[in-house]
Structure formats: C-alpha cells, structure tokens
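There are 4 protein chains.
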Amino acid sequence: MRAASVGDYRELARRRLPKVLFEYIDGGSYAEVTLGRNVADLEAIALRQRVMKDMTELDMSTEVFGQPFSMPVGLAPVGMAGMYARRGEVQAARAAAAAGVPFCLSTVGVCTVEEVTRAAPAPWFQLYMLKDRGYMKSLLERAKAAGSPVLVFTVDLPTPGARYRDVRSGFSGLSGLPQFLNQTKDGLAHPGWLWDVYLNGRPHTLGSVADAVQGSKRVTDFLSWMAKNFDRSVTWADLDWVRQIWDGPIVVKGVLDVEDARAARAAGADGLVVSNHGGRQLDGVRSSISALPRIADAVGGEMELFLDGGIRSGLDVLKALSLGARACFVGRAWAWALGAGGEAAVARMLQTLRAELAVAMILTGCTSIRQAGPELLDRD
Amino acid sequence: MRAASVGDYRELARRRLPKVLFEYIDGGSYAEVTLGRNVADLEAIALRQRVMKDMTELDMSTEVFGQPFSMPVGLAPVGMAGMYARRGEVQAARAAAAAGVPFCLSTVGVCTVEEVTRAAPAPWFQLYMLKDRGYMKSLLERAKAAGSPVLVFTVDLPTPGARYRDVRSGFSGLSGLPQFLNQTKDGLAHPGWLWDVYLNGRPHTLGSVADAVQGSKRVTDFLSWMAKNFDRSVTWADLDWVRQIWDGPIVVKGVLDVEDARAARAAGADGLVVSNHGGRQLDGVRSSISALPRIADAVGGEMELFLDGGIRSGLDVLKALSLGARACFVGRAWAWALGAGGEAAVARMLQTLRAELAVAMILTGCTSIRQAGPELLDRD
Amino acid sequence: MRAASVGDYRELARRRLPKVLFEYIDGGSYAEVTLGRNVADLEAIALRQRVMKDMTELDMSTEVFGQPFSMPVGLAPVGMAGMYARRGEVQAARAAAAAGVPFCLSTVGVCTVEEVTRAAPAPWFQLYMLKDRGYMKSLLERAKAAGSPVLVFTVDLPTPGARYRDVRSGFSGLSGLPQFLNQTKDGLAHPGWLWDVYLNGRPHTLGSVADAVQGSKRVTDFLSWMAKNFDRSVTWADLDWVRQIWDGPIVVKGVLDVEDARAARAAGADGLVVSNHGGRQLDGVRSSISALPRIADAVGGEMELFLDGGIRSGLDVLKALSLGARACFVGRAWAWALGAGGEAAVARMLQTLRAELAVAMILTGCTSIRQAGPELLDRD
Amino acid sequence: MRAASVGDYRELARRRLPKVLFEYIDGGSYAEVTLGRNVADLEAIALRQRVMKDMTELDMSTEVFGQPFSMPVGLAPVGMAGMYARRGEVQAARAAAAAGVPFCLSTVGVCTVEEVTRAAPAPWFQLYMLKDRGYMKSLLERAKAAGSPVLVFTVDLPTPGARYRDVRSGFSGLSGLPQFLNQTKDGLAHPGWLWDVYLNGRPHTLGSVADAVQGSKRVTDFLSWMAKNFDRSVTWADLDWVRQIWDGPIVVKGVLDVEDARAARAAGADGLVVSNHGGRQLDGVRSSISALPRIADAVGGEMELFLDGGIRSGLDVLKALSLGARACFVGRAWAWALGAGGEAAVARMLQTLRAELAVAMILTGCTSIRQAGPELLDRD
Ligand SMILES: Cc1cc2nc3c(=O)[nH]c(=O)nc-3n(C[C@H](O)[C@H](O)[C@H](O)COP(=O)(O)O)c2cc1C
Ligand SMILES: Cc1cc2nc3c(=O)[nH]c(=O)nc-3n(C[C@H](O)[C@H](O)[C@H](O)COP(=O)(O)O)c2cc1C
Ligand SMILES: Cc1cc2nc3c(=O)[nH]c(=O)nc-3n(C[C@H](O)[C@H](O)[C@H](O)COP(=O)(O)O)c2cc1C
Ligand SMILES: Cc1cc2nc3c(=O)[nH]c(=O)nc-3n(C[C@H](O)[C@H](O)[C@H](O)COP(=O)(O)O)c2cc1C
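Line by line, the protein sequences are chains A, S, E and Z. Going by full-length UniProt numbering, the first residue of the first sequence is number 1, and it counts up by one from there. Going by full-length UniProt numbering, the first residue of the second sequence is number 1, and it counts up by one from there. Going by full-length UniProt numbering, the first residue of the third sequence is number 1, and it counts up by one from there. Going by full-length UniProt numbering, the first residue of the fourth sequence is number 1, and it counts up by one from there.
Treat the hints with care, as some may be off.
[What the hints assert, rightly or not] Each computed EDC-like pair below joins lysine to aspartate or glutamate, with the alpha-carbon atoms no more than 20 angstroms apart: (1) 19/S <-> 231/S; (2) 131/Z <-> 54/A; (3) 53/E <-> 238/S; (4) 53/E <-> 231/S; (5) 53/S <-> 240/A.
Hint data in this document are derived by calculation from the structure and do not stem from the laboratory. Since we're looking at a predicted model, the values are computed, not measured.
Modelling step: build the complete structure from the supplied sequences, incorporating the hints.
Dropping the structure here:
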C-alpha cells in the first residue's frame with residue numbers, strides 16, 4: 001500500500017507493530033469520546049473556497065521564539081517512540097530537522113536528549129511535573145546543556161488517565177513488554193518490528209528516567225516509577241520553581257480552559273498548547289479545536305498559541321491557524337508514520353502535510369500563513 | 001479478557017449467562033430508544049478540564065440520611081440477581097459493603113432480606129406497590145425488622161412495559177426458566193453458570209414473594225403472581241399508608257417529571273431517584289440525566305436526589321453530580337459484573353468506578369465530591 | 001421466531017413472501033428519505049412519563065363519523081393485499097372487525113368490496129381519481145351499495161412515484177407476476193406462499209378494476225390500465241363531482257400542506273389523512289408526523305384528522321394523537337403481518353398495538369385517549 | 001441488474017471499469033467530506049408536497065443564452081471520458097443531443113472538439129487556465145471554429161487537489177495507464193472494457209492537449225504536462241484576455257463564494273457554475289447547494305446561474321432550481337452511466353432524471369420549471 005494520507009500510515013503501523021504498541025498509540029481514554037470529538041470537530045469546520053487570486057507566491061513559513069518553522073507544524077512529544085522504530089526519537093528528530101520543523105522530545109522517550117542532540121538539532125524538551133524535584137532539576141539542566149530551545153511543560157497529567165485498550169491488550173508500560181512478548185505471539189507475528197526494534201534497537205530504557213531508577217540493571221518498572229512520580233499537588237506557583245532553572249521560553253501544554261489560559265499567562269508562561277492530550281487523559285472533555293477560539297480571544301495577543309489533537313491533514317492545520325493557533329503539533333500522525341517506516345516515512349508524512357497545506361492555502365486565497373484568520377473559514 | 005470497563009463486564013456476562021438471562025438484563029422496552037438516550041445524553045455532556053490545582057486531597061465520600069457512602073454510588077434494585085450468580089444478592093451486598101456503598105434489594109430478589117442481612121449490613125429495601133396490601137405490610141415489617149435503613153418505593157411500574165427481547169428469547173419470567181432450560185440448549189451451552197447457579201444456587205424462588213404464593217412447592221408463577229399484583233390505582237395518597245408502616249426515609253424511585261417531583265415532595269417523600277427504570281418501562285421518554293437539572297431546580301434543596309440510568313463510568317457519576325444528584329445508582333453495571341464473575345467482579349467493577357471518578361475529579365479540579373456543581377461542566 | 005413487535009412481522013413477511021412482493025410492500029420511492037423521516041421523526045418525539053395517577057380505568061375507544069373504534073387505529077388502504085395471503089383483504093377485514101377497528105379497502109385490492117362485505121362489515125372504501133369517470137361512478141355506487149360507511153379519496157397519486165426497489169426486483173405490477181414467477185425461482189423458494197396464495201388464492205385480478213379491462217380473460221395489464229388512468233388534471237373542484245355521487249363522509253388522503261388542508265376543508269371534505277403515502281410517492285417531502293401539528297392548528301377544529309406513515313407501535317399512536325390526530329392508520333404494519341401469517345397475525349399485531357398503547361397511556365397518565373394532547377409530550 | 005437510479009449506474013460502472021478508472025470517477029479529494037456534504041445537503045432539503053392542482057400541462061423546458069434545453073440539465077465537463085467507453089465524449093454528446101440537453105467537453109477529453117462536432121452539435125467547451133497562453137488561444141479558436149456556443153471557464157483548479165483514492169489505486173493519470181494495466185490484472189478482470197475501450201477505443205490521447213506535447217508519439221505524460229501547466233497566477237483580470245479571443249457567452253465554473261461571484265460579474269462573466277468541482281478539489285469546503293441561495297441573492301438577477309455537485313436525481317434538480325439555479329450539471333451521473341453502458345446508458349439515465357423531475361413537478365404543483373422557486377420547498 002502506498003500511503004496517501006495520515007490515515008494510511010495508521011494502517012501501515014497497525015500491520016507492522018505488535019498489537020500492544022499499536023493500541024497504545026492509537027487509543028484514547030475511557031470511551032474515547034474526546035478522541036472522536038477532536039477529529040469530528042475539525043472535520044465539521046468549513047474552509048472557504050476562493051478563486052482567481054494570484055497564488056504564485058506561497059509563504060508557509062513562520063517563526064516562533066525566534067526559531068524559523070518551514071511550515072506551522074511540529075512533532076508533539078510522544079512517549080516511548082524508540083519502541084516504534086529503532087532509536088525512534090532520533091529518526092523522528094532527523095526527519096523533522098530535514099523538514100525544517102521542531103521536534104519535541106518526551107520525558108518518557110527511549111533516547112535521551114543527548115542521544116537525540118548528537119544526531120539532530122537540540123529538540124524542544126517536554127517535562128512532566130514529578131515529585132522528585134531534584135531529579136527534575138537535573139533533567140532540566142541536561143536539556144539546557146544539550147541546547148534545547150524551548151521547554152514544553154505538560155500540565156494535564158497530574159495522574160494518568162485510564163486507557164481501556166491498554167488494559168485489554170495487556171500493556172503495562174515498557175517494563176512489562178519483554179515478558180509480554182515472550183508470553184504471547186505478538187512479537188513473532190511482527191518480524192519486521194522484532195528485528196528492527198526488539199533485537200537491534202536496544203537499550204529499551206526510558207532515557208531520561210533511567211538514572212532515577214537506581215540500581216536497576218534490568219529493564220524494569222520505569223513506567224511504574226513514573227506513575228508513582230506524577231505530582232498532583234502542582235499549582236501555577238510551581239512554575240516559578242521551573243522558571244528559576246529554565247531561562248528559555250516555557251510552553252504550557254494541556255490547557256483547554258480560558259481561566260487556566262489566563263492563569264498560565266499570569267504565571268509567566270510564554271506559550272500554550274491547547275490540548276487534551278489527544279483524548280488520552282480525561283475523556284469527555286471538549287475537543288481542543290473547539291477550545292481554541294475562546295483561548296485565542298483571551299490570551300492570543302500575549303502568548304504563542306499552539307494546538308494539538310486530531311490534526312490529520314494540512315487542511316486541519318489551516319483550520320487551526322484560522323482560529324488563532326500559531327502552529328499545530330501532531331502526535332499520532334508521526335507516531336504512526338514512525339511505526340510504519342521510520343525516518344523516511346515521517347519525512348514523507350511531513351511532505352504530505354505540506355502539500356495539503358499548500359492546496360488549502362491556494363484554494364482559500366491565503367498567500368502567507370502568518371495572515372491566516374477567520375476569513376478563511378465559511379460560517380453560516 | 002481482562003475487564004477494563006463496565007462495558008467489558010457486559011461482554012463477559014454475555015458469554016457466561018444463558019442468552020435468555022443476558023437479554024433480560026441487557027434489554028430495554030420496545031425499540032430501546034430511551035435506553036439509548038440514557039447513555040447518549042450522558043456521553044454528550046462535556047466535562048471541563050482544569051489543570052494546576054493542588055489535588056493532593058481528594059474526598060469522594062458523601063452522606064445520605066446519616067449513612068456514609070465512601071463514594072456517591074449505590075447498587076440499584078435489580079430483580080432476580082440470584083439467577084445471575086449463586087445467591088447473587090448476597091454476593092452483591094457483600095461487595096457493596098466492602099466498597100462502602102449501599103446495596104438496594106429488589107422486591108423480586110431471589111434472596112430474602114433476612115438472607116442478605118445474615119451476610120452483610122441490612123440492605124436498602126425496594127418495594128413495588130402491590131394490590132395485596134396485607135402482603136406489602138408484612139414485607140415492610142420484615143425489612144424494618146431486618147434493619148433496612150431506607151425504603152425505595154418504585155413508582156414507574158404500575159404495569160410492566162414490554163421488552164421485545166424477552167418475547168423473542170422466550171423468557172417468561174423466573175417461573176418458566178426450568179422448562180426453558182430443559183427444552184433448549186441454552187443452559188448446557190453455559191456450563192459455568194449451570195454449575196454455579198442452576199445446580200448449586202437453589203432455591204430459585206423470589207424470596208420476598210415466595211410466601212405470598214401459598215401452597216406452591218414447585219418453582220412456578222412467581223412472576224405471573226407479580227404481574228397480576230402490580231397496582232395501577234396507586235396515587236400519592238397511598239404514600240401515607242406506606243408512611244404509617246415505615247418510619248425511616250422513603251425514596252421514591254422512577255420520577256422524570258417536575259410536577260411528579262413536587263408531588264412526591266408534597267406527599268412527604270425524603271428522596272427521589274430520577275429514573276426511567278433504565279429504559280425498561282415506557283420507551284420514548286426522555287433520558288434520566290436530561291430530566292435531572294429541572295428536578296434539581298424544583299426540589300433539589302428539599303429532597304435527596306439520586307439518578308440512575310445509563311451510568312457506565314465514574315465520569316458519568318461526576319456528570320450527574322454536577323447536575324444536581326447526591327449520588328448515582330447503577331443497575332446493569334453491577335448485574336453484568338455479577339453475571340460475569342460474582343462478588344469479586346462486582347467489587348472490581350466498583351473499584352473501576354472509583355478510579356475513574358478520581359481521575360475525573362483530579363482533572364476537573366474538584367477536591368470534594370460534595371462540592372460538585374455545574375462549574376465542572378463545559379457548556380457553550 | 002415469536003413476533004414481539006411490528007418489526008418482527010416485517011422479518012417474518014420477508015421470509016415468507018416472494019422477494020418481489022416483499023420489496024413492493026417494504027420499499028419507498030427514490031432514495032427512501034421520506035420513508036426514513038416518517039419513522040425517525042416519530043422516534044424523536046419524547047413521551048412524558050408520569051407516575052402515581054390512578055390508572056384503573058383506561059378508555060382507548062373513540063368515535064369517528066358516528067362509528068365506534070375500540071382503539072384509535074385503522075387499517076390503511078393497501079393495494080394487492082390478496083397477493084400477500086389468500087384473499088388477503090377478506091382476512092384483514094375480519095381481523096379488523098374482530099378488533100373493533102375499521103378496515104379500508106384499496107381501489108387496487110384483489111378482493112372486491114362485495115367479497116369483503118360478505119365476510120365482514122362493509123369496509124371504508126379508498127378511491128383514486130381516474131380518468132374514466134364513468135367507471136369511477138360505478139365503483140362509488142358499488143361501494144355505497146355494499147354499505148361502505150366512509151370514502152377515502154386519495155389525492156397524492158396524480159402520477160405514480162418511482163420505487164427503485166420495484167425496478168430492481170423486476171416487479172411490474174400484478175399483471176407481470178405470473179411470468180415473473182415462472183421465470184425466476186422466487187416463487188419456488190417460498191412454498192408456503194406458493195400453496196396458500198398462488199395456487200389457492202385465485203383469482204388474482206384486481207377486483208375493482210377487473211370490469212374496466214374488458215374482454216380480458218387472462219391476468220394481464222390491470223396495473224398498466226391503472227397507470228394510464230391516474231388523472232393528474234384533478235383539482236378541488238372535482239370533489240364536487242364525487243360529492244354528487246357519494247353522500248357519506250369523505251376523507252381526503254394524502255395532504256401534508258396547510259394550504260391544501262384548508263382547500264380540502266373549503267371543498268367540503270369531512271376528514272383528512274395527513275400522509276405522504278408512506279414515503280412511496282414524492283421522496284424528499286417532510287414526514288407526516290411533522291406536518292400534523294400545523295394542519296391540526298389550521299383545520300383541526302373543523303375536520304376529522306387522521307395520520308399515517310411510520311406508525312410502528314402503540315407508542316407512536318399516542319404520539320400522533322397528542323399532536324392532534326383523531327386516529328392513526330397503519331399500512332405496512334398490517335401488510336407485513338398479513339404476509340407473515342394471514343388473519344391471525346393481523347389480529348395479534350393489533351393486540352400488540354393495543355397493549356403498547358395501554359402501557360403508553362398508563363405511564364403518561366392518560367386515562368382517556370380522547371383527551372390526549374400535547375401535555376403528554378416532553379419538549380424542552 | 002436493471003438500473004433504476006443514478007446510483008445503479010454507479011454500481012454497474014464499478015463492475016465494468018478497471019478499478020483504477022472507477023475510483024478516479026468516484027472519488028473526491030482528501031477525506032471526501034465535501035463530496036459527502038454535496039449529497040447530504042441536497043438530501044436534507046425538503047420538497048413541499050402539494051395536491052389537487054391541474055398538472056395536465058408540464059413544461060420542463062428552459063432556455064439559456066438563446067439555446068433551448070428540453071429540461072434544465074446538462075452534462076458537466078468530465079475529463080478522460082474516452083477511457084470509460086469507446087470514444088466516450090462522442091457517445092455522451094450524442095445522448096445529450098438526443099435528449100435535448102447540452103454537453104460540455106472537458107479540456108482533458110480524449111476526443112477533440114472537432115471529433116465531437118462531427119457526430120453531434122458543437123459542445124460547450126470547458127477550459128482550464130494554462131500557463132501556455134499561446135496554446136490556450138489556439139484551443140479557444142478551435143472551439144470557436146467548431147461552433148461551440150458557450151465557453152465554460154473552470155477557475156477552481158489553480159492547482160490539482162489530492163485524491164487519496166488515486167494514490168492508493170496507483171492511478172497516475174492517463175499516461176501511466178498502459179503500464180498500469182500491463183502490470184496488474186485490473187484490465188484483464190474487466191474484459192468488456194478491455195475490448196471496447198482499450199483495444200478498440202484508440203487513440204487514447206487527450207485530444208486537446210495532444211498537440212501541445214510536441215514530438216510525443218507514445219501515449220505519455222499528457223497529464224503531467226497538464227499538471228505543470230495549471231496556472232495559479234490567474235486573476236479576474238485575465239478574463240479580459242479570454243474575452244478578447246472568445247466573443248460568445250462565458251460561464252465561470254467553480255465559484256462558491258459571494259465575493260467571487262460578484263467579482264466574476266464585474267469581470268464580465270455571463271454565467272456561473274456554483275461548484276466545488278464535485279468535492280474533488282479543496283476538501284472541507286461547503287456543499288455547492290448550500291452556497292447557491294446566497295449567490296443567487298447577490299448576482300442571480302444579472303447572471304445565468306448553474307449548479308453542479310451531488311445531483312443524483314430529478315428531485316435534486318428541482319431542489320436546485322427552487323433555490324435559484326437556471327439548470328444543473330451532472331458529472332458523475334453521466335460518467336457512471338457512460339462507463340456502465342455507453343451512449344444508450346447515458347440516454348436512459350437522462351430519461352430517468354426527466355421522469356423523476358416530472359414526478360417532482362407534479363407533486364409540488366409546479367407546472368413550468370421556469371417558475372420554480374422557494375415556494376416549492378418546505379422549511380420549518
Ligand atoms: C503514543 C502517545 C504518547 C504520548 N506521550 C506523550 C508524552 O510523553 N508527553 C506529552 O506531553 N504528551 C504525550 N502525548 C500527547 C501528544 O503530545 C499530543 O498531545 C497528542 O498526541 C495530540 O493529539 P493527536 O495524537 O491527535 O495529534 C502522547 C500521545 C500519544 C499518541
Ligand atoms: C435486570 C434488571 C432488573 C431490574 N429490576 C428492578 C427491580 O426489581 N426493581 C426496581 O425498582 N428496578 C429494577 N430495575 C431498574 C434498576 O433499578 C435501575 O433503575 C436501572 O437499571 C438503571 O439503569 P442502568 O441499568 O442503565 O444503570 C432493574 C433493572 C435491570 C437492568
Ligand atoms: C404495499 C402498499 C400498498 C399501498 N397501496 C395503497 C393504495 O392502494 N391506496 C392508497 O391510498 N394508499 C396505499 N398505500 C399507502 C397506505 O395507505 C399508507 O398511506 C401508508 O402505507 C402509511 O405508511 P406506513 O406503511 O408507514 O404505515 C399503500 C402502502 C403500501 C405499503
Ligand atoms: C471523473 C471526473 C472528471 C472531471 N473532470 C473535469 C474537467 O476536466 N473539467 C472540469 O471543469 N470539471 C471536471 N470535473 C468536475 C465536473 O465538471 C463537476 O463539477 C462535478 O463532477 C459535479 O459533481 P457531481 O460529480 O457530483 O455531479 C470532473 C468530475 C469528475 C467526476
């Protein structure tokens with residue numbers, strides 16, 4: 001199958017990855033209502049077809065925090081990408097760099113920030129608030145030392161949501177994977193992955209967490225260490241503590257509510273990712289795209305606004321930008337592509353988004369993406 | 001299959017129970033429109049994601065009629081539970097007690113209130129209005145003697161609704177079950193159930209009704225006795241008669257309409273279960289969740305309000321509480337779990353609801369369930 | 001399969017009848033949008049659950065044009081019923097009489113009005129406006145002579161709509177049936193029908209039309225005679241012509257529009273069937289139930305209003321009456337039942353509607369069907 | 001299968017054509033949201049059933065630019081029709097002429113305007129704006145010389161949209177077809193087509209483009225020449241250039257927006273096709289039918305308005321005319337019919353549309369199609 005769309009990479013990943021991993025990427029929490037809303041609410045928005053405008057020049061570049069983007073898209077932090085393809089974070093970071101878009105490394109990446117930085121420009125760095133502040137401090141300092149330009153501080157995971165698919169598939173985090181694969185035929189049924197990742201993609205530790213789990217030689221309990229370390233006592237005041245260690249831009253990820261957006265601004269955040277964690281945390285909350293306009297109204301002038309959740313095409317990107325986002329992040333889109341075919345597939349997927357965005361700009365008469373606004377949308 | 005959600009217990013029950021019993025639990029009346037609305041209307045409500053609130057302390061306990069609930073959930077009266085697992089009412093009552101939530105015994109339970117009380121705290125007691133008032137009086141006195149703290153008086157069954165699935169499956173109530181199982185292979189196809197319930201779970205009488213059907217040694221015609229005894233002449237005035245025998249709190253179950261809610265209050269009821277009998281009575285009526293806010297407006301300050309119908313997760317529980325319920329009752333959720341795996345499964349199902357409620361509280365920033373209100377919901 | 005609902009008779013008819021006949025009954029015109037709307041719009045209406053009303057007395061009888069109905073339901077005119085069961089019109093008329101509801105004989109029935117009247121009370125008589133007025137006159141006089149109490153004058157068939165299913169199934173009206181059955185295995189595949197109807201249910205002529213097609217001994221071209229005789233020049237003025245021959249009540253069938261309803265009143269019609277011919281004529285028009293309230297507003301005080309289209313249960317009947325109908329007619333419901341099991345099945349189907357209507361009345365607190373009104377519905 | 005409806009021709013084409021061609025005709029761009037909206041929005045419109053009007057006279061003829069139409073329908077420009085049936089454009093043009101409706105030849109037709117004109121009245125001529133203006137000029141002059149009465153200037157293709165189905169099916173335009181068929185079994189699996197079109201329908205060049213691709217003897221790269229030649233710098237000013245060469249009526253095809261409609265008028269266009277290219281260009285834009293009323297309001301008095309997109313029946317035609325179109329064009333409807341059965345099938349399909357339109361007129365009481373207006377629609 002030739003992949004024509006982001007959805008096709010999903011199908012290819014479904015074939016290549018052990019079920020337990022595919023379900024982990026694909027699923028959302030509980031009944032997956034919010035996951036569905038993310039996609040459906042984007043689909044329901046109508047672009048406004050315009051014709052006979054001179055579209056010779058088409059500028060889809062933008063700039064955020066002084067960093068140029070060749071198009072208004074970035075790779076969202078996705079945990080354990082090193083399990084979807086050999087040293088997955090490195091591969092994705094390379095594809096992103098080649099495409100001129102930022103890659104954001106997850107706290108629970110398989111590759112460390114140092115490993116990624118040896119192969120590609122220093123990634124944006126995503127951080128969860130953990131109970132062990134000493135450890136957090138060292139993580140921040142490592143990212144700073146590696147040259148990460150932006151800190152993405154994820155706030156919608158004070159506690160992990162429950163994803164039914166993971167319970168059903170028997171997934172219990174990275175640590176349980178080896179037994180799991182031994183016990184089942186899931187691995188054997190996917191020899192491409194087995195060879196590429198399982199045999200040749202080691203070590204399968206969570207790079208940033210490895211040090212914290214002292215004395216552990218065996219691949220155990222990284223995720224359970226994480227689960228215990230999510231800190232639900234965090235408040236906006238704690239952002240001060242982060243600020244003292246991190247002097248670069250801080251983007252708060254996981255805000256859906258106007259009051260929270262204002263609070264983030266007041267607490268000194270430089271940007272926001274309007275997000276519900278791709279429908280993986282509290283199921284039943286609104287779609288991120290539906291939250292965007294009101295947040296843009298409230299703080300759009302004062303902060304950089306990003307959106308993630310449900311972006312499946314360049315058309316979706318244009319919709320989000322028309323409603324107030326500076327750029328979009330994609331999560332599953334690149335995780336599927338990575339699982340489907342590593343760096344090359346991520347690169348092709350990004351080309352697809354770019355081509356789609358170009359068509360969307362041409363047929364809405366938008367010559368410069370920085371000018372995208374509500375006039376590109378068709379409302380009754 | 002590991003059960004991750006309430007829906008998974010449904011699937012497990014489907015496998016374990018004779019079809020005739022599973023359909024009885026699962027079905028609704030007529031075209032099952034109201035059954036669908038109960039679930040769909042809950043699903044359509046959006047929770048409001050909030051972040052960066054100190055959620056260290058989380059209090060999901062509540063108190064009703066002086067009785068503590070460890071969480072705002074109770075087991076709704078479900079008839080014939082002793083057919084889904086051996087002495088099913090006892091098993092469910094034990095699981096409820098261990099979880100710190102109330103169990104409500106149905107008028108048409110297999111186990112008597114005395115049998116349940118020997119194994120667990122005295123259950124809430126559910127009563128249908130029957131024509132034989134002398135018999136009703138004796139039932140009420142037995143419940144009182146057993147120590148039942150609350151009377152649940154079900155008013156939405158002046159006549160039984162028609163459930164097409166039961167007609168199709170050949171179900172004609174408990175009395176017909178033995179022949180049924182002999183004639184078909186339904187029982188043999190479910191050996192786990194056959195051993196547990198059919199052979200070792202006797203007697204299969206309706207505990208509370210058995211005495212009324214005098215002279216009957218054989219397992220016959222309990223339900224047809226019931227069917228003939230539903231009393232459609234009952235009015236609010238008859239509540240006085242009940243009140244004379246029962247001096248504890250009376251909760252009227254089966255109210256959807258504001259006028260009826262006011263009438264119940266005027267007639268001296270202490271609480272209401274906003275309910276359409278789980279979509280098993282008059283098909284085509286509104287969902288119970290859609291009826292809740294207006295009833296809460298009208299009588300919420302003066303009565304304890306409960307909701308049942310369509311509750312399938314802890315997220316649903318939070319939605320109902322945000323709209324004015326003190327607590328929710330679950331019907332099919334526990335009946336499925338009981339059919340799937342007896343007491344242990346009911347206990348696990350309750351843990352699941354609790355864990356889901358916790359996530360929902362943490363991500364809506366609700367530290368105390370007693371404070372839940374409309375500010376936890378996202379409305380446009 | 002035991003039939004629990006109207007939908008179950010549909011399934012039984014599907015099994016028993018040659019496909020060509022089943023599709024003829026079941027289908028609607030074009031994309032069947034209106035057929036779908038008839039059912040969906042009824043389903044979307046919410047009944048209002050009321051409790052604790054003394055429902056001992058339940059009166060579902062009504063009276064129209066001095067004729068008592070045991071319940072507010074009648075059998076709509078359905079063409080060629082004698083092909084669904086042996087002498088089908090007679091069987092249905094008997095079932096209707098036993099149930100105390102009117103049966104309306106179609107212009108294109110297999111049995112004549114005289115044959116029906118020998119076996120049951122004289123039926124209501126349905127008439128299409130035909131070009132051959134002399135023939136029409138004789139039909140009206142035969143109906144009058146037979147004692148038909150009411151004339152149903154169908155106005156929504158100035159030209160036949162196209163039903164794609166009939167084209168696909170190869171159905172070309174009654175006349176083509178014999179060849180059709182010879183050529184295909186459709187008849188052989190349905191031996192019950194073959195014996196009952198095809199071999200023993202003769203003659204297979206259209207009773208009322210037979211005389212008009214003079215000289216025809218063979219079963220040919222009745223429907224094509226009909227098709228050529230539909231008269232699209234008819235206007236309200238022509239009702240005068242009918243009135244001169246028919247002095248009993250005239251019910252105009254096939255009105256959806258308020259202006260047409262007013263015109264019918266002005267032209268002297270005594271009643272209306274709000275109808276779109278069961279979605280068999282102009283696809284894309286509104287559902288009959290959605291047309292009812294405005295027509296009831298406009299002429300409800302001055303004419304008897306009936307509704308047909310999409311009635312599948314006693315619950316639907318109550319909804320229609322709450323919105324202004326005096327009674328409902330059912331078309332497919334009885335055609336399916338007749339095809340499924342002849343008179344006995346029609347009788348059981350009517351019992352089902354009655355039982356459903358009783359439950360609906362009891363749980364909406366409606367003691368007398370003549371009092372049904374909008375207060376039985378739940379609107380936001 | 002006898003084709004009863006436009007949808008049936010689709011099914012027949014699916015069986016007869018190589019998959020790669022069927023998918024090309026059938027598909028839309030991206031997620032096919034707009035393709036779906038075109039059909040769904042037409043379906044949602046309700047016609048207004050009227051009865052008892054004298055419908056003896058029924059006039060469905062109209063006139064545009066002095067040219068009589070026997071009914072308000074035309075065949076939209078569809079590329080490569082000569083691949084769906086032998087010399088497909090000629091066959092379709094003949095069927096259109098016989099039916100008294102216009103045929104519009106696509107820029108990327110297999111047959112040239114001269115070939116079509118030898119067999120049928122000169123077709124309307126559709127033009128894309130190409131970079132090679134000299135070549136465009138010669139095309140316009142050939143069409144003029146051939147006698148084409150109307151120029152259809154398509155403006156919604158400044159760049160080709162991406163159709164995922166074509167990527168997946170491996171379709172890469174006409175040029176790649178031979179290899180494609182050799183490599184796969186797609187051709188062999190469709191012997192009817194293989195014989196009719198592939199072996200006997202040559203040459204398989206794009207008639208109008210052939211000359212431009214100089215020196216090419218082999219069937220190569222026509223479409224890639226086209227793709228490179230789409231000109232996205234075109235503005236309304238360029239219409240002047242066209243006007244200098246073409247002195248007949250110019251219809252601008254591909255306008256959805258009121259501002260664009262006004263600009264087209266100001267630029268001197270004589271007519272508009274309200275269109276989104278059948279959902280094949282920018283996915284996510286509104287349906288053409290939903291765009292029609294506002295464009296009719298803005299410029300309806302001053303320009304001839306046509307609609308295409310989603311027309312699947314004569315009922316749809318009446319809906320579009322009621323909302324302000326003078327006539328409708330059908331794209332897939334005739335492409336499917338052509339693929340299903342050549343000229344004869346296109347002729348039958350047009351008869352079906354005509355018969356459907358007649359029923360729709362009769363049952364909405366519309367005697368003359370030129371009088372169709374909003375009073376034929378039922379709105380709440
Ligand atoms: C498999 C997977 C793992 C993820 N891991 C993280 C993570 O470690 N940190 C984080 O902040 N977000 C994580 N996310 C959320 C993404 O950053 C992003 O918010 C989400 O995927 C956007 O929705 P989309 O997948 O519909 O594009 C993860 C998402 C997925 C699908
Ligand atoms: C199998 C079954 C039996 C029931 N039996 C009774 C009963 O005996 N008495 C009663 O008041 N309600 C009875 N109910 C209704 C429940 O108490 C409750 O109102 C309903 O199940 C709530 O909807 P849910 O199943 O969607 O949670 C029964 C429900 C089910 C599913
Ligand atoms: C098989 C069939 C034949 C019909 N024949 C006639 C007829 O001869 N005359 C008539 O006025 N209506 C006829 N109708 C329409 C019915 O009288 C009635 O309007 C319609 O069936 C009501 O919709 P329902 O089928 O959803 O109940 C027919 C309907 C069906 C289904
Ligand atoms: C297979 C196919 C080829 C087409 N080729 C052209 C074309 O060459 N030029 C053009 O202006 N429009 C073209 N169109 C668009 C049609 O002219 C028309 O706008 C569209 O098909 C209308 O939608 P419908 O298919 O739902 O009727 C094409 C459409 C299809 C389906």
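*Taking the numbered hints from earlier one at a time, note which ones the structure violates and give those numbers from smallest to largest.*
Hint check: 1 fails alone, others pass.
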